[in-house]
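Q: Residues per chain, in single letters:
Number of protein chains: 2
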Amino acid sequence: MSDVAIGIDVGGTKALALMVARDGRVLGEVQAPTPHDSKLAPGEATASALAELIKYLASLHGLKASEIPVGVGLPGLMRKDGRLAYAPNLQTASGADVGSLLSVALQSSLVFYENDANCAALAEHEWGAGRGINDFVMVTLGTGIGGGIIADGALLRGRSGFAGEIGHMVVEAHGVPCTCGGMGCWERYASGSGLRRLIRDAAKEGRLSALLERAGSAEDIAPEDVTDAAAHGNDEAIDLIRQVSWWLALGLANLVAILDVGHFVIGGGLSRASDLVLPFAREYLSDLVEGYDSRPEITITSSMFEHRSGAMGAALVAFERYP
Amino acid sequence: MSDVAIGIDVGGTKALALMVARDGRVLGEVQAPTPHDSKLAPGEATASALAELIKYLASLHGLKASEIPVGVGLPGLMRKDGRLAYAPNLQTASGADVGSLLSVALQSSLVFYENDANCAALAEHEWGAGRGINDFVMVTLGTGIGGGIIADGALLRGRSGFAGEIGHMVVEAHGVPCTCGGMGCWERYASGSGLRRLIRDAAKEGRLSALLERAGSAEDIAPEDVTDAAAHGNDEAIDLIRQVSWWLALGLANLVAILDVGHFVIGGGLSRASDLVLPFAREYLSDLVEGYDSRPEITITSSMFEHRSGAMGAALVAFERYP
Numbered sequence: 030m031s032d033v034a035i036g037i038d039v040g041g042t043k044a045l046a047l048m049v050a051r052d053g054r055v056l057g058e059v060q061a062p063t064p065h066d067s068k069l070a071p072g073e074a075t076a077s078a079l080a081e082l083i084k085y086l087a088s089l090h091g092l093k094a095s096e097i098p099v100g101v102g103l104p105g106l107m108r109k110d111g112r113l114a115y116a117p118n119l120q121t122a123s124g125a126d127v128g129s130l131l132s133v134a135l136q137s138s139l140v141f142y143e144n145d146a147n148c149a150a151l152a153e154h155e156w157g158a159g160r161g162i163n164d165f166v167m168v169t170l171g172t173g174i175g176g177g178i179i180a181d182g183a184l185l186r187g188r189s190g191f192a193g194e195i196g197h198m199v200v201e202a203h204g205v206p207c208t209c210g211g212m213g214c215w216e217r218y219a220s221g222s223g224l225r226r227l228i229r230d231a232a233k234e235g236r237l238s239a240l241l242e243r244a245g246s247a248e249d250i251a252p253e254d255v256t257d258a259a260a261h262g263n264d265e266a267i268d269l270i271r272q273v274s275w276w277l278a279l280g281l282a283n284l285v286a287i288l289d290v291g292h293f294v295i296g297g298g299l300s301r302a303s304d305l306v307l308p309f310a311r312e313y314l315s316d317l318v319e320g321y322d323s324r325p326e327i328t329i330t331s332s333m334f335e336h337r338s339g340a341m342g343a344a345l346v347a348f349e350r351y352p
Numbered sequence: 030m031s032d033v034a035i036g037i038d039v040g041g042t043k044a045l046a047l048m049v050a051r052d053g054r055v056l057g058e059v060q061a062p063t064p065h066d067s068k069l070a071p072g073e074a075t076a077s078a079l080a081e082l083i084k085y086l087a088s089l090h091g092l093k094a095s096e097i098p099v100g101v102g103l104p105g106l107m108r109k110d111g112r113l114a115y116a117p118n119l120q121t122a123s124g125a126d127v128g129s130l131l132s133v134a135l136q137s138s139l140v141f142y143e144n145d146a147n148c149a150a151l152a153e154h155e156w157g158a159g160r161g162i163n164d165f166v167m168v169t170l171g172t173g174i175g176g177g178i179i180a181d182g183a184l185l186r187g188r189s190g191f192a193g194e195i196g197h198m199v200v201e202a203h204g205v206p207c208t209c210g211g212m213g214c215w216e217r218y219a220s221g222s223g224l225r226r227l228i229r230d231a232a233k234e235g236r237l238s239a240l241l242e243r244a245g246s247a248e249d250i251a252p253e254d255v256t257d258a259a260a261h262g263n264d265e266a267i268d269l270i271r272q273v274s275w276w277l278a279l280g281l282a283n284l285v286a287i288l289d290v291g292h293f294v295i296g297g298g299l300s301r302a303s304d305l306v307l308p309f310a311r312e313y314l315s316d317l318v319e320g321y322d323s324r325p326e327i328t329i330t331s332s333m334f335e336h337r338s339g340a341m342g343a344a345l346v347a348f349e350r351y352p
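Those sequence lines, one after another, are chains A and B.
So the first sequence is numbered by the working numbering: it starts at 30 and just counts up by one.
So the second sequence is numbered by the working numbering: it starts at 30 and just counts up by one.
Hint data in this document are derived by calculation from the structure and do not stem from the laboratory.
None of these values were measured; they are calculated from a predicted model.
Do not rely on the hints blindly, as some may be mistaken.
Identical copies look the same in the list; a pair holds intra-copy or inter-copy alike.
Claimed, not checked - Dumping the calculated EDC-like pairs for lysine to aspartate or glutamate here, alpha-carbon to alpha-carbon at most 20 Å:
#1 Lys109 x Asp322
#2 Lys84 x Asp32
#3 Lys233 x Asp249
#4 Lys109 x Glu326
#5 Lys109 x Glu73
#6 Lys43 x Glu335
Using the sequences provided together with the hints, build the complete structure.
A: Right, dumping it as structure tokens:
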């Protein structure tokens, strides 16, 4: 029994570690870039960087890393035993037994693993925007789209713990190629990458001239530039936000059909534009859900913990598995 | 406690009622066309026809209908309390409180309700091709596509009991219009209707000449004609079966991504062609599933009870809710 746990959310670009109390209060926070050193054996760079981050955070609180339960959220097909079976966004650790590597580096047996978006779902369910809701999906809109499904009050894990890979649901057969090797995956349309593609297409067609002039080239227009311009009333930017919101709603409607969830919690980088995106998405959802009027209301809200959801949920995993 | 239950599967064209023993043995079977009388109030024609079918089946066994638990499987958004919230394939009962109407007609309080494909999933899980499997999806390929999801050993029902409407997952944004009002739903591509559309398209392009000559017009070529021709080695017919199998695999791959199920049980009319369809679908699935090689094997089998799965599962629902 420990009063605190460390939760780490390992993204494709950075890792966030939090010291979390049992009631969800965040007591400490450190962040570091995710290493992508391909000269080392798979997973070694990741495990060693995470070990240092954990030790550092523990030392800030006068604690030894090996004495604190640690939860690790990793992107991709994450097995409960710590093997990262497949991770297109973390190539240098894909297939590696990150769990064993990290246990050795930390000299700790108190390390527990879960998919990163599943962690976020658990945190929002326990403390945040999904509290008291039995059936909802956490949708993390970043470079890709991650998902964590709460069904009948519990995390839906599936056969191997790989459930919730909602970003790789194909919504456009023969569509845009995806990092996973597939084509037409939802995350190619409704994520930050989707917005980037819409920006490039719009620029090619001669739209977004004001943004283009400022940025120099279409590649240099960031999603945030478009959300900022949309917030200031730029019609062309609003049109792109509408498009990305339609794609978002399309995937959410699919999840309603399959899972009959009544609530979505939207997190990840793109959720910073949720004041713009969510009203459009709600509007489109009513068109896209089968039998919308015959169902109770479907709600969409922003994540309560924003970029911290994943790490908070990872700490929750540590608390749950080391009670 | 009853040793027998009646299970009814109400389809868009016919209703099948079975007298079922607790161990799954089918003791009696009757079938009747589903009425579509739109002159009566919504649900009345359905309820009255079902009541007669139930009474008749009970009388064949020397029993009174009001003394036997009855399970009813209906297509669409079926609430546990017997209200058929939305049913595009059973328009004259859509929105009706079939439960109350049927209880009155039967003078019985032992009538229980579930979505038809959910019933099929329950039957296959208890007695059939999903026995002992904790995570699988029952996929009924008929005119449309129905689904029943077994997750972690139990039926996934969702917030209102509407989960498993997998046929209305959009796989082709802006695609073919669907009876649900949407566009690009999976069931427009991978069902009997999907095959009919492929037949029409192929005929328009001058293919399927042998079948066309025999049938007279493209509209008169039935899906069974194509599966027969494919079974006899007709290359053009095999090509259509390959296409429909690809679409089937695409939707199955989406369900693997979202739910991490390792098994599919395929039922419904089109499953009669499963000797042709399933080998192709397995082949395509390995291309379409994200991280296929990093997962345990994914299996696809035919329903064990074929057209009887739904009614058997409806009887199981009756046993479970009237124990």
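Q: Reference check for the pair lysine 109 and aspartate 322, CA-CA at most 20 Å: within, between, both, or neither?
A: Result: close only across copies, 18 Å inter versus 39 Å intra.
Q: Should lysine 109 paired with glutamate 326 be assigned to within, between, both, or neither, using CA atoms and 20 Å as the limit?
A: Between. Shortest inter-copy distance 18 Å satisfies the 20 Å Cα cut-off; intra-copy 35 Å does not.
Q: How would you classify lysine 233 and aspartate 249 at a CA-CA limit of 20 Å: within, between, both, or neither?
A: within (13 Å within a copy, 47 Å between copies)
Q: How would you label the pair lysine 109, glutamate 73 (within, between, both, or neither) given a Cα cut-off of 20 Å?
A: Within. Shortest intra-copy distance 19 Å satisfies the 20 Å Cα cut-off; inter-copy 52 Å does not.
Q: Under a CA distance limit of 20 Å, which applies to lysine 43 and glutamate 335: within one copy, between copies, both, or neither?
A: within (15 Å within a copy, 51 Å between copies)
Q: For the identical chains here, do lysine 84 and aspartate 32 meet the 20 Å Cα criterion within one copy, between copies, both, or neither?
A: within (17 Å within a copy, 63 Å between copies)
When each numbered hint is compared with the structure, no violation occurs for any of them.
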